[in-house]
Amino acid sequence: MNILVCVKRVPAPGARINITENGQAVDTAFLGFTVSPHEECAVEAAVQLVEKDGGAVTVLTLGPSEAEEQLRTAVSVGAAKAVLLVNDGPDWDPQRTARGISSSIRQLESAHGPYDLILFGNESADSCGYQVGIRIAIALGRPMVNGAKALDVENGLATIRREADSGQELYTLPLPACIGIREGINLPRYPTMKGRLASKKVDIEQVSINAVPGGQRMIQLRRPAETASTTVILGTGPEAASAVVDLLDELGVLS
Amino acid sequence: MTVLVVVDHDRGTIAPAVLATLTAGRGLADDLNTTVEALTIGTNADALSDMLANYGATTVHQAHHEILVDYGPDAWGEVLAQVVRATSPQVVLGCGTERGHEVVAQAAARLDLPAVMNCTEFTPGDTHDGPLGMIRTRWGGSLLEKTELDSPIKLVTLANYSTEAVESKTNSRVIQFEPTLDSSVTHSIVRDRVERIAGVTLATSPVVVSGGRGVGSAEGFAPLEELASLLDGVVGCSRAVTNNGWRNHADQVGQTGTRIAPDIYIACGISGAIQHWVGAMASKNILAINIDKEANIVTKAGYAVIGDLHTVVPAICAEIKRRRGES
Chain A
3 MNILVCVKRV PAPGARINIT ENGQAVDTAF LGFTVSPHEE CAVEAAVQLV
53 EKDGGAVTVL TLGPSEAEEQ LRTAVSVGAA KAVLLVNDGP DWDPQRTARG
103 ISSSIRQLES AHGPYDLILF GNESADSCGY QVGIRIAIAL GRPMVNGAKA
153 LDVENGLATI RREADSGQEL YTLPLPACIG IREGINLPRY PTMKGRLASK
203 KVDIEQVSIN AVPGGQRMIQ LRRPAETAST TVILGTGPEA ASAVVDLLDE
253 LGVLS
Chain B
573 MTVLVVVDHD RGTIAPAVLA TLTAGRGLAD DLNTTVEALT IGTNADALSD
623 MLANYGATTV HQAHHEILVD YGPDAWGEVL AQVVRATSPQ VVLGCGTERG
673 HEVVAQAAAR LDLPAVMNCT EFTPGDTHDG PLGMIRTRWG GSLLEKTELD
723 SPIKLVTLAN YSTEAVESKT NSRVIQFEPT LDSSVTHSIV RDRVERIAGV
773 TLATSPVVVS GGRGVGSAEG FAPLEELASL LDGVVGCSRA VTNNGWRNHA
823 DQVGQTGTRI APDIYIACGI SGAIQHWVGA MASKNILAIN IDKEANIVTK
873 AGYAVIGDLH TVVPAICAEI KRRRGES
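Protein chains in written order, with this note's numbering: chain A, 3 to 257; chain B, 573 to 899.
Just chain B, with the same shape it has in the complex (with noise of 0.2 angstroms):
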């Protein structure tokens, strides 16, 4: 009666959120009184039970067909189906990322039970198959939802960012897995792909340099982007922005648009509306630029310029220059 943990990877290298996922599945097998277990879905991934021991694992299944080369969320899910019908983990927890929910929700739905996302907390009850108690987002962070799951078998997701990853090495064994896959699960597999430049995305970048409503334009943007390359970082925008037509949704920071976690997330001209603010508040530093002191993003910012961002942002940029002995 295990806590199985889904690792998401793309064709083999591991997605980021598992590490912290297989430490929060760890702390809750701990608490219910078993062990923590890691699958893996293609041979891409057998590479890594190595890592997945050094983070608690004391078992790794290992899923082999010919048809799991890539992903696809309906084979995927109907592996992870498969292994919970043969296995019969307590619980199932998945990543909070796009995969790591798509998965853990289409194996229940094959599996008719019920799922519950972005847990940040759990609350294991009096005995270890009645319910399980949990703390989920809602508004993606802004208010949290108090909730529990009835099921002999729990599917759920854990919130990214809620845990930090600790290793723990551990005397693990491999299993494989073979699944029974049909036609019907392989129209969804990934059918191509366009590799990204090598270079840092917004989700990535240790530095990111922000503009809202403020910024005015699309051209408004132009002191921002210069900042943004004296840093090395990237550029993102508020929704407002992105519904104006000024930058293209791909840069934007919010709810609907990308979660960030930078080392410094500079906001200029963005009043900070709740969406917004939960696409920014994992940043480790925040530094707002606006003219209104009482501005949301301004009281939730660890610092902060009170002023005309078209003004401001060109002097940190000439500071920066100055200080570098350019100019």
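So here's chain A without its partners, still in its complex pose (with noise of 0.2 angstroms):
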């Protein structure tokens, strides 16, 4: 299987997030970068399913020149190759990405063949847009499920689980197709040893890009105004207790 695998670099979950003076762009001074926590995944998934049927993931992100850091760290968990689409300026939108992406995945098409499965994360952890994967899915003409938190390939079948409020979904999608994956669906490995002198090896492919900006125009970043909270302190330890039922009490929860 030909596996093909979409990532994101973004500031690493738990930090603080700052903004530069002219609320642009967010302030990377003293961020460390990972790849966002629903694709960590996705390229997880990809490389068990390749383990299993055999075949290769490769990653790919639009991003700047040091996203290859988050490249090289798929690789090091079993992506077998590696392409950076080159965007040194300001962040694009999303219709713009996923136009860049697009075109790049028609010619590694066109060059390597068709990829089976095309995997996303679910949403970028930063900017949170909830559409390139599904942008580019229809660009390509095909069907495409977020959220996924089971994935199986078989018989040129995806089968897809899914959270609902009614329970679990089941999809089955005939490849090629695309998938949006979520965290949850399976626990990252770390790198081997072998997978970090693979990493060190590797040549990325890097590709110059450009593609027509979308309607969207991000303005100014800024913080949520902060609200002025007060903690009610109900006491230190175990004696504490008696204050907490109280309060229960007061909330009716305690039925």
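Source of the hints: derived by calculation from the structure; they are not laboratory data. A portion of the hints provided could be inaccurate.
[Unchecked claim] Computed beta-carbon distance windows for the label pairs:
hint, chain 1, residue 1, chain 2, residue 2, range
1, B, Asp804, A, Asp90, 39 to 47 angstroms
2, B, Ala822, A, Asp251, 23 to 31 angstroms
3, A, Gln26, B, Ala854, 23 to 31 angstroms
4, A, Leu189, B, Ile769, 48 to 56 angstroms
5, B, Ala822, A, Glu252, 29 to 37 angstroms
6, A, Leu189, B, Ala794, 21 to 29 angstroms
7, B, Asn616, A, Pro92, 41 to 49 angstroms
8, B, Asp804, A, Asp167, 32 to 40 angstroms
9, A, Ile21, B, Arg768, 38 to 46 angstroms
10, A, Asp29, B, Glu638, 48 to 56 angstroms
11, B, Glu797, A, Glu68, 40 to 48 angstroms
12, B, Thr871, A, Gln208, 41 to 49 angstroms
Glycine included, every Cβ here is placed at the ideal spot set by N, Cα and C.
Please assemble the complex out of the two chains, which come individually in their own frames, going by the hints.
Written out as structure tokens, the structure is:
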């Protein structure tokens, strides 16, 4: 199976995100970066599939030159090939990102053959646009389901499970297909020694890219207003239990 | 040139977010000097029309087609795209749910139009067909983005929990719509379902008792399980816990886990890192139990107990049982 995983370099979750003076970008000064959480799981899902059925995983990102770091991380856990679509300027809007990646995928497929599966993260942790993967799927004319919490491939069919209020939904898509992965589908592995060596040696295919901008224009980033909150300390240690149960009673949850 | 609200539903059961979305749509329509309409997809949603009229929809477009017996992103996206082409709404407003974003993104892709998800407020410009300004959330809500959508038809979704639903009984008419759907959109229709055993979920429980790294192990969750059980609630956890393999990802409260809005969230041994906070911040009340009074969650919580959860939580359980005459 040939699987392509599209990933995005984002500030590592948990860090406080500061904004530049003019509010035009995230201040990257003291930030660590990572592959966005849903996508980390997408890489792991792809690697598990080729371990089972043979084939290769290609990982692709559209981002700054530094995003090479994230591609090498993906190789260290089992991706075989890596492609970097370089954009060292401000982040592109989702339409433009999808246009750039779609045209690049068409080129890759005409050179290397079609991908049975293209995996995306459900949404990127930072901009949370929820749409790049879907736009790419439509541009390539493939069925697309987001939110996958389980994925299996057998006899040219991808079986996907995702969560809904009512329980679980099951989807089956004929290949070639596109799927958006949710964190929780698996626990991504740590790189092995062999993987780390491979990540140092792999040739990253660097492609300069352009695409027509879309209709969304970011004006400014800002922090939400800090709502002044006073914390009522109910007590210290187990002695506070009585005050806690009084509170629960007040809130009506003590049935 | 209306505002068209896309109704998210599961085989006729309306998603809770829809009524708030309709309320927000009505507000936006008032600002744009127009009316709000609604779109339901599939005959199993026809019965929702009265409820939608109660919340302001002046017209309900009911899309009918034999393949629309269940949800399918490609099918619903194609239906929405065709309705947009046929009715030319000024704004298409979807719910900030997984399906809500998915359907709007699908339609936007098919129409090759921009789309902006998770909007918390709108600022219409001076001209009604000029760009539409909005504020949207990034990082699940810990950062805000002021952005502008410049397009003849604007596709957006409303951030969940950003608006309250308010009734507004309206005279409404129903218009049926028959989309043209071919087999290419049938592949991604839900094939089968595993129904949840009736009961509350993490997303819907009024009481959530949650543990973080401070719990220390999978077994350490036993007192939290007991407390949750005593309060008819469920157990949640932080991402540190699921990354350590102590609990299933389904229990994770956070940006990449589940967003919750319980009556009370009891956070034990959780520092309250930003991506956890965005999952919990819609809680009506938060009680933090932590040895560190400077922990982020303690400063943000309405109530706190400073102490070791391993002694505090059992003490709370014992007190509840004592008051109930058990123990």
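Against the structure, the hints:
1. For the pair B/Asp804 and A/Asp90, the beta carbons lie near 54 angstroms from each other, so the given range of 39 to 47 angstroms is not met.
2. The hint said 23 to 31 angstroms for the Cβ distance between B/Ala822 and A/Asp251, and at roughly 30 angstroms that hint holds.
3. Judged by the Cβ atoms, the range 23 to 31 angstroms given for A/Gln26 and B/Ala854 holds: they are separated by roughly 29 angstroms.
4. At about 25 angstroms, the CB distance of A/Leu189 to B/Ile769 disagrees with the hint of 48 to 56 angstroms.
5. Take B/Ala822 and A/Glu252: their Cβ atoms lie about 31 angstroms apart, and the range 29 to 37 angstroms holds.
6. Take A/Leu189 and B/Ala794: their Cβ atoms lie about 23 angstroms apart, and the range 21 to 29 angstroms holds.
7. The given range of 41 to 49 angstroms is respected by B/Asn616 and A/Pro92, whose C-beta atoms sit roughly 45 angstroms from each other.
8. For B/Asp804 and A/Asp167, the hinted distance range of 32 to 40 angstroms is not satisfied, since their beta carbons lie about 19 angstroms from each other.
9. The beta-carbon spacing between A/Ile21 and B/Arg768, approximately 41 angstroms, falls within the hinted interval of 38 to 46 angstroms.
10. A hinted range of 48 to 56 angstroms holds for the C-beta pair A/Asp29 and B/Glu638, which are about 54 angstroms apart.
11. B/Glu797 and A/Glu68 have their C-beta atoms about 44 angstroms apart, which keeps the hinted 40 to 48 angstroms range intact.
12. As the Cβ distance of B/Thr871 to A/Gln208 is approximately 45 angstroms, the hint placing it in 41 to 49 angstroms holds.
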